[in-house]
Amino acid sequence: MMTRVLQYIGQVVAYGGFIIFVGYLSAAPAYVHLQPGQAQIKLSFSHAGKPVSECRERSDEELARLAPNMRVRKVCPRERSGVAVVLEVDDKLLYSDILQPSGLKKDGTSTTYRKFTVKAGKYKIKIKLKDDFRKSTTIKDVSKLNAGDFNYTYSRKVYLGAGKIMVIDFNKEADGFVFSF
Amino acid sequence: MPGVDHEHKVLVDLLNRLYENLMRESTAEEVEEFLGEIYARISAHFALEENIMREQHYDQYSEHKADHERLLDEIRDIMDDHTAMENSDKDKFAERLKSWFVNHFKTQDARLHGRLS
Amino acid sequence: MLERTQRSGRRLFEWVEAGFNRIGGHRWNPFYQLGALSFFFFWIITVSGLYLYIFFRTGTTAAYESVEYLTIDQWYLGGVMRSLHRYASDAFVVTIVLHILREFFIGRYRYFRWFSWVTGVPLLWLTFAAGIGGYWLVWDSLAQYIAITTAEWLDWLPFLTDPIARNFLNQASMSDRFFSLLSFLHIAIPLFLLLGMWIHIQRMTLPRSNPTRILAVGTISALLVLSFILPATSQEPANLDNLVFTVNLDWFYLNFYPLLDKWSAGSIWALVFGVTLLLVVMPWLPPHKPEPVAVVDLENCNGCGRCFDDCPFGAVDMFPRTDNLPFSHEAVVDSALCASCGICVGSCPTATPFRRATALVPGIDMPQLKIADIRDKTVQAAEKLTGHDRVIVYGCRNGTDINRLQGSGVAVISLPCISALPPSFIDFVIARGHAEGVFLTGCQQGDCYYRLGIDWTEQRIAGLRDPALRKKVPRERVATCWSGPVGFARQKAELVSFRAQLLEMGPNRRNGAIINKTDTPDSKGG
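Chains as they are written, first to last, in numbering that gives the first Met the number 0: chain A, 0 to 180; chain B, 0 to 116; chain C, 0 to 525.
Heads up, a few of these hints could be off.
[Stated by the list, open to error] Here are the simulated DSSO-like pairs of lysine-lysine, each with C-alpha atoms no more than 27 angstroms apart in a straight line: (1) 73(A) x 91(A); (2) 105(B) x 8(B); (3) 383(C) x 97(B); (4) 171(A) x 104(A); (5) 64(B) x 376(C); (6) 470(C) x 64(B); (7) 171(A) x 49(A); (8) 261(C) x 114(A); (9) 97(B) x 470(C); (10) 261(C) x 163(A); (11) 516(C) x 91(B); (12) 261(C) x 91(B); (13) 261(C) x 118(A); (14) 261(C) x 91(A); (15) 516(C) x 471(C).
These aren't lab readings, by the way, just hints derived from the structure by calculation.
Given only the sequences and the hints, what does the whole structure look like? Please build it.
Okay, here's the thing in structure tokens:
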């Protein structure tokens, strides 16, 4: 049987151990997520491609057949084009893909979110986008596209300091790519 | 309370049979059988009565319960005495047992019935 | 393989717990109160959190600033509250993990306990969601790291259209309203967690959701001391235009974040779902050996309700009578909840060995170890005992292996739980001279495998709970030793000294004559 004093000491040690365990692991050891001297390029956009075919006008007979509240002359296909994107850094291909539109009827936006961790420094960035694939197209592979097929192209030289993030977004209203950093 | 009444009848019946057995001079084992059965039935009976009293917030619960405990103790005494006793004490025995139970029924249980029925 | 792991784990816990018992006793031992401690930490988190909530401002810069105000300007109260909030949350994870491990090693998750185990699984998810959300609210560089990593991980799920990570692209993407959402979630998730905690303890009578006072005072004092000597602080303010290189992680909540850097999001999802699925199906994994449940005999049951009062798992309920007897109720056992512990049998007034063996069918009984069999074992074992210090030991199978105590003067009878023994048996053994003393032993006090067995036994002997041990039974001839599985040395020592005491007292007498078992009818083939 332990004496009272020894018991109290034991309890203090127990509480002390508990405090040390909780206190230490609550904020240590530090975790190194990225090595120093690095920067990042984030390519991310949410862009709806053009409709896969031309819109057409309804004839008068067709309109007459519809309910009065549905009589709109212009009818466009719901399905949207996929969005092809190619990202080249210093003339080397970093990323390319054809992004399918989201949604069951393929009428949503095409989205992407890609992160590229690079060493800090100067880079030549070239980015190309195509968003007007027609329904008739059979091209499934980005590499089959020619330079002229892309309807948006942008090239730029950037300096990425250590710890900087450069975001490449695409905004139809701004008529093209948006670089921010 | 039909359950309690029923048990009273069963217990009285058991006691009567015990009395008859004692009178007929059956073996010690047979008497032990009755005593054991009575003890178990009375324990269960008291447990049921106490449960009912608690549920109905009977005002004399502790007195009645104390009586139960006293009775159970005395029955155990009777059982132990029987194990060690001689034949001549048998009839005194049965009378003793019967009178206690009847007395309990007349006083405590009668009041209980009056209050709860 | 599973059983071997469980045995080793259980032994490790028992060894640690024995140490803790030595320094603080069973009422202080935190390992017997891991669930209750978890509840206690939850309350500390809630109260400190409410205080923080009063001062927290929802906004991309306001969030960080309001927390800094509490930490620095109001360091003596707000800062302490913040530290208490963080450290109690960490302690919450500690006790939860220990609780899960302990119940797993002891095997208290199978059969009827599946409900408690399975309802605990969503609580793990909610706890981590709440903790991660809490760190997110501060909007320092750690929060930035968490936000981006979590968003990228969540984006792997196929049903999301726009990637969540787009909300954290750069400083311009963030809005103040995001913090309103986070703040709301950080209250809603713990509320659901509390609801889940309540459900988690449903299938238990008298669940222990509060620790003993001594432990409560001790732990909150320890957390306060920690809060003063190591105040919780924020890291650099978040800036989505810049990278976060190094973070001081809270390894209790954020332990799997480094994994997200090394493995793909999909494999982490597989890991998390895999672990969740494994936890959920664990109660049904082999070996599957359920025990028979308690059985009611209506002829011997008058609906007195003692089994209903004593069952630690609410498996016995009183229902209106279904036979022709004029009693109002009968006991009914719910086989889905029955632990097969036999505590109900120990409480039944008709389960007394004074009834003859032929008629010994109690109102409720365990088929695998009937009362009549316990009586037979008692009488047969007693026949072989000699000496004025002969003892019958009744023990439970979750304590030591009591067979090791057997000897020429010691007989042992094992029960599922010590409280399965009706007190009448103690009276029977001593009054009829089957032994000079009765030694009751079982689990460690505070740690009855069936939760309430030791409490009920102690109260029955003290006359505080029915069925009470008859007052006239000499208590010097009844010994209890709550040793638990590792306490064999103490158990043996106490048995030896008990027997020495019996020798000193001399043989049991009635009206001066020694009670000798050869005089009782039981020995004549009874």
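How the hints compare with the structure:
1. 73(A) x 91(A): Violated. Residue 73(A) to residue 91(A) sits at ~44 angstroms, over the 27 angstroms cutoff.
2. 105(B) x 8(B): holds (14 angstroms)
3. 383(C) x 97(B): With Cα atoms ~38 angstroms apart, residue 383(C) and residue 97(B) exceed 27 angstroms; violated.
4. 171(A) x 104(A): Answer holds: residue 171(A) to residue 104(A) is near 22 angstroms, not above 27 angstroms.
5. 64(B) x 376(C): violated (33 angstroms)
6. 470(C) x 64(B): holds (14 angstroms)
7. 171(A) x 49(A): holds (11 angstroms)
8. 261(C) x 114(A): holds (15 angstroms)
9. 97(B) x 470(C): holds (23 angstroms)
10. 261(C) x 163(A): holds (22 angstroms)
11. 516(C) x 91(B): holds (26 angstroms)
12. 261(C) x 91(B): Distance of about 92 angstroms is beyond 27 angstroms: violated.
13. 261(C) x 118(A): Holds. Residue 261(C) to residue 118(A) sits at ~19 angstroms (cutoff 27 angstroms).
14. 261(C) x 91(A): Cα-Cα ~25 angstroms, so holds.
15. 516(C) x 471(C): holds (19 angstroms)
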